[in-house]
Every structure is written in structure tokens, then in C-alpha cells.
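Q: Each chain is listed here by its residues.
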Amino acid sequence: MARTKGRSSNGQRTIVFLALLVAWAAVAPQSRAQDTVADVRKMAAQALAQGAYVDAIGYLTQLVEWFKDSRTPSIIQEMEGVYFNLGLCYLLVGQFGEARNVFEEYLKRYRRGFRAAEVAAFLGDSHRYEKKWAEALAIYRKALKEYRNEYLQNQDLWVDVLVSMVRCLLAEEKWKETEPLLVQIFRFAPDFHRRNWAAALLTIYYLNERKLENVYRLVPLLLEPGSFASRSVALNMAALQAGDDLFADEQYRDALWVYRLVYPHDLLQLNAERQIEILQKQVEMLQRTPGRIRTLLRTQESVAEAEAELEALKKIPNYDPELFFRIARAYMEIRRYRESSEFFYDLYKEGPRDRAEECLYLSFHSATKFQPTTKAFARGHEYMERFPGGKWYDPVSLTLGQMYANIKDWPKVIEVLTTALEVSPQHESIVEVLFLLGYASFMEEKFEDAVRYLVRMNTDYVGNEREADGHYWTGMALLFDKKYEEGMPYFDRVVRNFPDSMFVEDAMFRAASCAFGASLFEESQTRLFAFVRRYPESKLLAEAFLMLADIAGVFGQVREAVRFYEQAIERGEDLNIELYNYAYFRAADMMKELAGSEEGPERTRWLEAIIAHFRRYIEKNREDSNLPMAIYWVGSSYWDLGDQERALAYYRRAIEEYGRDRRAMGIDLIFEDWVGRAKAAEREVARSAWADMRALLSNALQKGERTLALRIMRMLMFDPSATDVEKEAFRRAIVRADSIPHGSVGVLEMIQIEADRAGDKALAAAAAEEIIREFTETDYALSARMLLARYAVEANDAPTAILHLDIVREVYATSPEAAEALLMLGRLYLNRRELEKAEKAFKDVLGPNEWRSHRPEALFRLGEVAIAQRKFESAAVYFERIYVMYSGHRQWAAKAYVERAKCLSRMYEHRKAMETLQELINSPDYAGMPEVEEAKDLLERLRQRTG
Amino acid sequence: MKRSRQWTSIVGLAASLAFAAGIARAQGPAAPAAGGGLRTMVTLDVATREVFLLGRSGGDILYRTPTSPPGVSATMKPDAVQRAEFDITVDDNAVFAFARKRQWLQAAQKILSVVQPTLPFLDLPDNNATDWAIKAGVYLRKAAQTAAQGSPAERETAPRLFASAYAVLNAAGRAEWHFYGESARMRAILCLIDLGRLDEAEKELARVREPDKGDATYGVYHLARGELLFARKKYVEAMDAAIQSLIYETKDIESFPDALILSARCYEELNEMHRTRDIYYEVARLFRGTDWGDRSRARLRRIMRDDLAAEAEETDIAAVFFGSAEDMKEVIEKFLAGSEGVKDIDVDAPATEPGAESKPEGEKP
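These protein sequence lines are chains W and V, in that order. Per this note's numbering, the very first residue in the first sequence carries number 1; after that it's consecutive. Per this note's numbering, the very first residue in the second sequence carries number 1; after that it's consecutive.
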């Protein structure tokens, strides 16, 4: 529709331009009587050159009058140009009838004339400008036939005729007939603009005909800057319509490709305005350039076209929001989720408010389909915050919760879904939400919460699809919460009511576990036997046998217990390493018990069984197996068999085999056990064993096995036959900087201790740092950190000290060193006047009973903190607690008396202060201590002050 | 040190321009400037006058009037100029003919043979050479890209062509007044990336204004960002930038297909081969008869031949039921076999001349 208006306006625009000249034509100058032919010719040429067409008509008409009947060949030839220019001038001034007469006269006189083909085209134009489409078309058609050869030589003109014909046909909406013409223009136009114009019109035609393949072939042309498509309302409307149809037919890929051809409303307007400006400049330029009349006319028609498009556009409502939404949707439908997510997000931010929520939801939905999931999380949260209770609130919150569950971020699952339930108590997926909350709570060891959610799920929504899962995980939560008797019925319910559930087998086993946990050993045994019978191939069989073994142990059936442990061990692959180790070592305990209860060959049989048992364990050597302990068992069993030599030899072989690996920590334990055994062995055996060890050292030194050599030297320091000189030599060989890279943890610890003792802080620190680096999570690292912290304190390097002490108190939270660390930290903070931190550290020491011995100091320091805070009353209380409750710690108690007295004195309670000091002085427990002397001095001063 | 680097860069630019000029000279005579300068109609205030531009003196324009005695020149401030019409005439039909046949180097040469002397003056407002300079730069880059994928001998010429494209686009980029001036500057940055001068490109990109949606530079800006990130192997970030470009700028032929291809490359690096395949198919189908189309078709053929996207994707049951699910494998195989539909339009350069065909009206001139 818009195109039709555009075209008629186009004609009008040209006519308006020509009409301006018509007015002048009425006053066209006539040549004067005295003017000569030469004068008139000259004036005509000048008028033409200056674009003064009205003037030119007068002069040219005069020349025609004079020479129209001339028979002189040269005149006839000259008159060809005169007729051509006269016709052209009439055309340009809008006197189409006159123009036609002159052009027809031209063609009558110069049928094969030099410009006949051009004149024929102008003749057609004269009709076209008067909207006589049929007449114009007839003339153009005739011209194409008549002047075929001429047009062959002038492709530009030929294409122009085709363009004119297309304009005539389009004026009458004869789109089909334009197609072959447009194809030819498209193929042969020598310039960008006409080719592009043809491409745009063909696109409109093909879009309307839904010949999409043809449309796609034109796409590159349509996207050229300054293309006709960039400002054609008709094309954009056709694309919009075609896109809508395709979208409705769910042909999203085609819809997307077609929609993308549509220029946004504002851009279309901008392009049209810009194009008008450019074309107007071209018109100006062409008007200054003689001889390009057809190009000028064509450009003016383009200006008119663009103006008409602009006018048409103003009447069309803005279609952008819907267009963009559909483009985004189409991207989503063809799985280009990255694109759709971004597009929808932009529409959410900048599009119409009434669709913002939907757009954010779709952006989130798209973002869930690709990695990384950062955007999905961000947009999901944004939706939940921006649209609480919104239309898609439930699916968004559930999906977000599921996504967090996928990455096992259980606290976030709980956070998101708890909020979801608060906002949307009747959540559309409430069962799933409750289940996830229950499961996440279980994983976070919030067992009561887990039970609450899961029980609610199965109570409020009976028959839900998660019912069996709910019962199972409720049981699990209760089991892990050690509420065994409460848990058992849930597992039973799974077994009884949901025989097809994937949890049946597990539930049966867990129910037995609950019975075991509840010390219902007979019931547990019965259930376990039933389980073993029903699931002979179960992965849980090993654990079942383990439990049966433990139950047998409880019942004092030691042989049975050993048999069950062995059955568990047979299926050891299904046991985790902790249970696997447990089974081995517990079985060994039982076998040793049996050996201890027997005499003679039976005892020997059990001890040999232990040896065989651990040889299998050592041979299997599963990751995280406790080999040193197993070796210890073998060695000690040989020892118990009375075979001391073999026992020590066994240890020696283990040392030889594993001693080269500085990271094999258990070997250090064996070394220590070897030393103990060797010392307790018969004299000859011991001598031989120590000699054996020296030979091993010699061999290791020869082979350059420094780790093993260092270990053996450390052992040989305990050799009763070693001289002091020899021991000193070993010590020197070990306590050296170059031993550090080779030292086992035991050797490193020795270097650390010896160097510290000798005042070689650098070496001690280097050994400690190596321990921390190589044996980070061991107890050795703890003492290393304490040493480094101490050095840091001495060097006034508080940050380093705090770093180590913080690790000690956090990682080894219940160790005695943690208490020391806290005290040291507190002292550091106190020195730095960070009183709150200091107070916290000292108070932390007061907690565990194991740290009782550190309490006096902690209390004393708390008193100091209180003094620094000028809380003398609190300080006095802390000091008093020390000598009242921890009088056994005399040093701290004595100090506490003195400090309490000082506090009381500061509070002007001199009498109480004096009583306190007197108590210290009178107590025989503190006699001779320097604090007593200080107390006497203070007392004296107080007496003087109080009179 | 700083001055020395600046000098090196000026020398480099001059060398590149000299190469571009060399190309131009090889094609045709340069604009008449020997001794006399570039004839230009300059509008200052309301007066238009004829001058001969001689060069630059700092930021000023060095010129002489037609009547100045030899050796006498004057200067004017570029911002005092309202309009400049250089005395140049580019044979636009000839340029168009080369471009249609994708003879990019010849098309660029055709333009530069005329426009090269104007390059130092493109900042003069409303001049008639900037459009051409931008076109020449774009064509040179296309020539370079084609060379980069050609025979070993052709590949050797690619860096020099990229450098020439950079020089021309950088000169056009100074036309801040022009609608596509800023875009030209960003295309120059793309040339730096093509040349592997990533740090320079990054610095340049940091200097340009970040465009808003709807700006003419939006697509090319994010394309340049994406290419830079891709070159630095930051594929997720490159993908985001490519998406910014391709979803918000679908009407710029010089950025849209490049952005699509960049996104396909990113999808490939992110191991999403189905999407890689889909986008190459899209470009091959929508940009037929172009360099983008040819490259995408070749890559698509490779993906299909090597079964890189053979794994079945999850299909929406409803779509299958209603028959709206696309079997992309089948669709693409059909496309590659060339039997995807009617071919009324041949977008490639015409193999025949008008008149060689003898068809009804219009087709038989």
C-alpha cells in the first residue's frame, strides 16, 4: 500500500519540478528580428549549457522555423540536434505534449538517427510523466524492438528503459510482469543503485510470493549501506508480514532470517532522511554537470521516492518492540540460546514495561541452556528479586534451586528455595521444592530441617511422585542424626510400600543399620541375614558382613566375627578405605585375642594367620592403606611367635623397601618401633640387628640414597654400642642445610629441634618451612608452625606470626598447640593494642577442658586486657579467679594476687588491696617467691598512703 | 624514546600509504598535483573559492590560491572549512563492476588512483572523497583476507595489503564528521588485529568511544572487540562481544556476516558444534556469492564430511509431533547438494552480457 502512494507521489514530485519550468516557458524569449542565425544558434547553445531550458526553447523553435524545410544535408544533420534538444527542453519544463510532438517529428525525420534510441525512451517518459502508463509501456516496448542494436551498445540506457517500464507496471500493481524486467536490471545494471533498487523490489515480490530461497539470494544486496531496502517502507512491511506468517507456522529459522531484514522503525526514518540529503546533493551536482539528463531525471525520481517513503513511514505505528521480541524468540527456538538470552535481557532492560517480566524470564531460561552458567544464576536471582510472586516466579526459583543442586552448592539451594517458599507458599512445584530443601539440608547435615521438609512433603502431598525418595531421605537424615529408632520405620516404608523404588535395596540395609545403631543387635542381625539372602550381589554386602562381624563381636562370638570380617574383606572393593582398614585391623584384633586365649599350635596358627592376613593387605596396597601399621602387626606377630630375628629382619626389609621415600611417613614410626624392639631383643639378636642396620647404612651411602641414609643415621644414634663421637658425627651429618631436601619428616623434625636448640634459627626455620611445604597436613607441621610463629614474634613480625598461629588454632583446633597458639596470638594482639581480638583469643582458651593447664595464663592475660580497657573491676575478678581456682599454678597465682591488689588500689579500694597482699604474704605456698617481696613493698606503700 | 616510537609509526604509515599509492599508480594516473597541489573548491563561511591543497602543517592545511606566485602558500584551520569538494571523478561504474566480480584489489586500485591525494585531507568536513576512501579501505581488506587464504605466494602479499588497508581506513577514520568516519577507524583496528598487532589494537580500541545501540559503529565496534578477544583466546568473552554485534547490528554488510562467522568460530572453540554448523549454514545460505558465503560453505562441508556435529540433539517432542522440528542434517545436505530450491536469481556476477540471451520482453534489448 505504502509503495503505491510512494509511486504516485514520485510522479508528482517530478511533475512539480517540471511545472516550475512551465511557468517560465510561457515567457520564453523570442529571437529578435535583427538576430542572425549564428546569433540564435549561439544563444541556444548558451541557454542549454546554463540549464535555461525555457530560453533555449525559444531559440531552438526559431531555428526549427527557419530550417525545417531545408534540403541541405548539413542543415538536416544539424537539425537533428536541434530537434533533440527542443524535445528535451519541453520535457524538462513539463510541456509533455509539445515534447512528444517534437520527439515524434525527430523520429519521423531521423528514424535511425544518432540519438533515436534515446528519443524513443524520452517519448515513453513523456507519457509516463502524465501517468499514461499503457501508452508509455507500448512505446518502451516498441523502442526495445526497434532499437535493439543501439541498446546493445548503450547498456545504461537500456537498463533505464527497463526501469521506466517497471515503474509503469508497478503503478498498475502488475507485480508479476515486473519480475523478468527486474531480474534483467538486477543482472545488467552497470551501477549499484539500479541493481540495488531491483533487488529491493524483487525482494518485495518474492516475500509476497513466499519464495524465500530467492529472497535469501538477495540478502547481501539488501544490507549494503544506502541500499533501497534501508529506506523502503514497502519492503519492510512485506518482510514483517512474511516473518509473522512464518513465525505463526513455527518456521522459526526462516522467520528469523526474514525478520532480520526489517529495519527498525527509527532507523528506517533516519535512513530515508539521510538518503534524501545524499540524493539532493547528487541532483545539485548533476544539475551542474551538462549531458547527464537521464541520470538527473532518475535521481530526481529517487528523491521523490524517498520523500514518499518518509511520508508513508510516519503513518505506520512503531513495530520495533514486537519485532525484537519475535527475533529473540526465534533465536531461542532455533537453540541459539546465547543470542536469545542477551536479546531478551536487553528487551527486559529497555523494552516496553509490560513485557519486561516475560523477557527477563526468557533470558534466564535461555541462559540455563549454555555454559558457563554465570548468566543464568545472575538472571534467575534478578528475576526473583525484581518480580517476587511473578508469573514465572515458581519455575525460575525451582530451576535456580536445581542448578545450585547440580553444582552441589547446598547452602544456596536452601537460600533460594526457602525464599521461594516464603514468597510463593503454594509453589507450583512444591513437592520438588520441599524435596530439594530436604535433600540440601541433609547434605548440609541439617538433619532436623531435612526431616521437617521431607515429612511435610509426604504428609501434605500424599501420593506425590517423590514419596519413596522422601521416606528414604527422611530415614537417612534420622540415621545420620543418630535417631536410629525413628529412622527405621521410614526405610521399612520404602521397602514395604514402594517395591519398585530404586531405594528398596538400600533402605533394607539402612533399616538394619538403624537397628544396629539403636543397639538392637538381634534385630539388626536378623535384618542383615535377610538382606544378605535377598541381595547376594549387592554392593552393600561387604558393609553388611562388617556389621554382622561387629554384632558377632558384641555377642562374644569371636570366631564368627573373624569369619564375617574376612567375608567383608573378600568384597573389599565395595568398601571405602576407612571401612576396609577397619575390617582388616579389627579382624587382626580378634585374631590376636583368639591367639591370646589359646596355647600351643592353636596360638601359633592364629599368629601365623595374622601374618598372612597383613601380608595380603600389604600386597594389595590400596590407596591410603596403613602399611606401616600392617608391617608393625607382622613384625610384632613374629616377635610374639618368639622369632625376634625374623621380626627385626622383617622391619629391616620394610625399612629398606620404603625408606627411600621421604614422604612415606609410616616408615618413621617403624624405625622407632625397630629401635624399641632391638633394645629389648636378646643380646646376640640385638647386636646382629644393629650390625645389619649399619650395613644397610653403608649400602645406602654407597648408592647415594640420602633419604634412607639420613633415616638410618637418626636410628643409629640410639644404638647402645655407638660412641659419643660416632653419635656426634651422625648428628652433624643430619643437622645440615643440604639434608633438608632429602630428609623424611622425622629427620626434618630432628633438624628443626637440634638447630633450634643450637641457636641456628635459619636452619631450624628452613627445616620447619620444608615440613610445612611437604607435610602440610600432619602434626609435624603444627610444631613447625609454632616454631616459625615464635621466631616471628621474636623478630617483631606480627603478620607472619598471626598467619601461622591462625592456621594452628583453626586446623588443629583441639590440640594442645592450639591453646598455645591462641595464647601467643592473644599476647600479640595485646601488644598491638588490638584488645578485642586479644580478648577473644584468651577467652577461647578457657573453653576445652583439655586446655585446663593454660587457663591460669589465659585468665591472667584477660586481666591485662581488662586493665588496658580500663575495666579494673573485671580485671580484679579475672585475677581473683586464678588464685582461687588454680592455686596449684603458683607462679600465676602469685602474680594474680599482686595484680588484683593493684586493680583494687586503682579503684580506691585500698583496704581490699591490702588484704589481698597480706593473704599472699601470709601463705606458706608462696614463700620465697619474688612476688611476695613485691607484695610487701606495695603493702608498705599503701599503708603509708592510707595512714 | 616516545618520540622515536612516534616517528617509527609515522614512517610506517607513510610506507603503507606509499604502498597503497603504488597500487594506485599501477592502475592509473594520480590526481594532478605535481607542483600545483590538489584542486579543491573550499567553502569558508558562505564563500566558496578555488584553492590548491599542498599538504599539512601541523594540524593546519597548507594551500595556495590559483593566482599565488610560485612557492607562496598559506594555511587555514580545518575547522573553519564548511565544505570541500576535491577535483576528483571516480569511475563509479568501473569500481562497481570490479566489486561485483569480487576483484577487490582492482576495485580499490580504481578508487585510489583518483582518491589517494585526498587522504591527508579527509578530515575536511563534507568532502566528496571520504566515501570513496572508506570503500577503498574495505576493498583492500577484503583483498588481503582473500590473499591470506590463497596460495603461498598470495599469502605473502596479505600482510602488506592489510597494512595498506589499515593506512587508508585510518586516514578515513579522521573524517569524524562523516557518518561512517568512526566506523572506518574501527575497521582500521580490525586490520591491526589481522596483522597480529594486538596490543596496538587494544590501545586503539580503548581510545574510541563505546557506541550506544543504534549507532552506526555499534556492530563493528563489538566485532573488533570480539576479534581481539578471540585472538587472545578468550572465547567466552569473544562470544559475548560477537553476540552484541550480531544481534544489534544486522544491517551492516561489513560487520554482520563477520560477526556471525566469529560467533561460529567461538561456538566451535566452546565445543558447541551443532550451533557452529547452524551458523555456517546460515551464512552460506544468506550470503551466497560473497566471500563470507564461500568460506562458510567450505567450512560447513568440512563439518558435515567429518561428522563433527553428528551427535543427535535432544528434540522437542511437541515439535516432532507437529512436524515443525527441523532435521538440520537433512536440510544442510540438501543445501550442499545444491537442490534447496528454485534459482530465479543468480547473485553471482553475470556470466553473459545483455543481448546474449534471447528471452521475452526486457531480456531482449
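There could be a bad hint or two in this list.
[What the hints assert, rightly or not] As a list, the in silico DSSO-like pairs of lysine-lysine whose alpha-carbon atoms are at most 27 Å apart:
1) V:Lys234 <-> V:Lys203
2) W:Lys761 <-> W:Lys727
3) W:Lys314 <-> W:Lys369
4) W:Lys211 <-> V:Lys101
5) V:Lys213 <-> W:Lys315
6) W:Lys281 <-> W:Lys314
7) W:Lys174 <-> W:Lys315
8) W:Lys375 <-> V:Lys234
9) W:Lys703 <-> W:Lys727
10) W:Lys314 <-> V:Lys213
11) V:Lys334 <-> W:Lys281
12) V:Lys234 <-> W:Lys211
13) W:Lys68 <-> W:Lys174
14) V:Lys203 <-> W:Lys369
15) W:Lys68 <-> W:Lys131
16) V:Lys233 <-> W:Lys375
17) V:Lys213 <-> W:Lys369
18) W:Lys391 <-> W:Lys446
19) W:Lys349 <-> V:Lys213
20) W:Lys375 <-> W:Lys391
21) V:Lys101 <-> W:Lys375
22) W:Lys483 <-> W:Lys408
23) W:Lys369 <-> W:Lys408
24) W:Lys68 <-> W:Lys42
25) V:Lys233 <-> W:Lys211
26) W:Lys840 <-> W:Lys902
27) W:Lys408 <-> W:Lys482
28) V:Lys234 <-> W:Lys369
29) V:Lys233 <-> W:Lys369
[Stated by the list, open to error] Cβ-to-Cβ under 10 Å is the rule here; a few derived chain V residues that face chain W:
30) Val72
31) Gly181
32) Lys233
33) Ile243
34) Ser263
35) Gly289
Quick caveat, the hints were computed from the structure, so don't treat them as lab data. The beta-carbon is built from N, C-alpha and C at its ideal position, and this holds for glycine as well.
Q: So, for every hint listed, does it hold in this structure?
A: Evaluation of the provided hints:
1. V:Lys234 <-> V:Lys203: OK: V:Lys234 and V:Lys203 at ~17 Å, within 27 Å.
2. W:Lys761 <-> W:Lys727: Holds: W:Lys761 and W:Lys727 sit about 22 Å apart, inside 27 Å.
3. W:Lys314 <-> W:Lys369: Not OK: W:Lys314 and W:Lys369 at ~41 Å, beyond 27 Å, violated.
4. W:Lys211 <-> V:Lys101: Holds, because 26 Å separates the two Cα atoms, which is no more than 27 Å.
5. V:Lys213 <-> W:Lys315: It holds: about 25 Å lies between the C-alpha atoms, which stays within 27 Å.
6. W:Lys281 <-> W:Lys314: Holds, at roughly 24 Å.
7. W:Lys174 <-> W:Lys315: The given pair, whose Cα atoms are some 25 Å apart, holds under the 27 Å limit.
8. W:Lys375 <-> V:Lys234: holds (17 Å)
9. W:Lys703 <-> W:Lys727: OK: W:Lys703 and W:Lys727 at ~22 Å, within 27 Å.
10. W:Lys314 <-> V:Lys213: Holds: W:Lys314 and V:Lys213 sit about 22 Å apart, inside 27 Å.
11. V:Lys334 <-> W:Lys281: violated (48 Å)
12. V:Lys234 <-> W:Lys211: violated (41 Å)
13. W:Lys68 <-> W:Lys174: Violated, because 42 Å separates the two Cα atoms, which is more than 27 Å.
14. V:Lys203 <-> W:Lys369: Violated - the C-alpha atoms of W:Lys369 and V:Lys203 are around 35 Å apart, more than 27 Å.
15. W:Lys68 <-> W:Lys131: violated (31 Å)
16. V:Lys233 <-> W:Lys375: holds (20 Å)
17. V:Lys213 <-> W:Lys369: holds (26 Å)
18. W:Lys391 <-> W:Lys446: violated (32 Å)
19. W:Lys349 <-> V:Lys213: At roughly 13 Å apart (the allowed maximum being 27 Å), V:Lys213 and W:Lys349 satisfy the hint.
20. W:Lys375 <-> W:Lys391: holds (21 Å)
21. V:Lys101 <-> W:Lys375: violated (44 Å)
22. W:Lys483 <-> W:Lys408: holds (25 Å)
23. W:Lys369 <-> W:Lys408: Holds. W:Lys369 to W:Lys408 sits at ~18 Å (cutoff 27 Å).
24. W:Lys68 <-> W:Lys42: OK: W:Lys68 and W:Lys42 at ~18 Å, within 27 Å.
25. V:Lys233 <-> W:Lys211: violated (41 Å)
26. W:Lys840 <-> W:Lys902: Between W:Lys840 and W:Lys902 the Cα gap is close to 24 Å, so the pair holds against 27 Å.
27. W:Lys408 <-> W:Lys482: Holds. W:Lys408 to W:Lys482 sits at ~24 Å (cutoff 27 Å).
28. V:Lys234 <-> W:Lys369: Since the Cα atoms of V:Lys234 and W:Lys369 sit roughly 20 Å apart, the hinted pair holds (cutoff 27 Å).
29. V:Lys233 <-> W:Lys369: With a Cα-Cα distance of about 23 Å, the restraint between V:Lys233 and W:Lys369 holds, given a limit of 27 Å.
30. Val72: violated (30 Å)
31. Gly181: violated (13 Å)
32. Lys233: violated (16 Å)
33. Ile243: With a minimum Cβ separation of about 5 Å from chain W (threshold 10 Å), the hint on V:Ile243 holds.
34. Ser263: holds (8 Å)
35. Gly289: Holds, because the Cβ-Cβ distance from V:Gly289 to chain W comes to roughly 7 Å (cut-off 10 Å).
The structure does not agree with the numbered hints 3, 11, 12, 13, 14, 15, 18, 21, 25, 30, 31, 32 stated previously, though it agrees with the rest.
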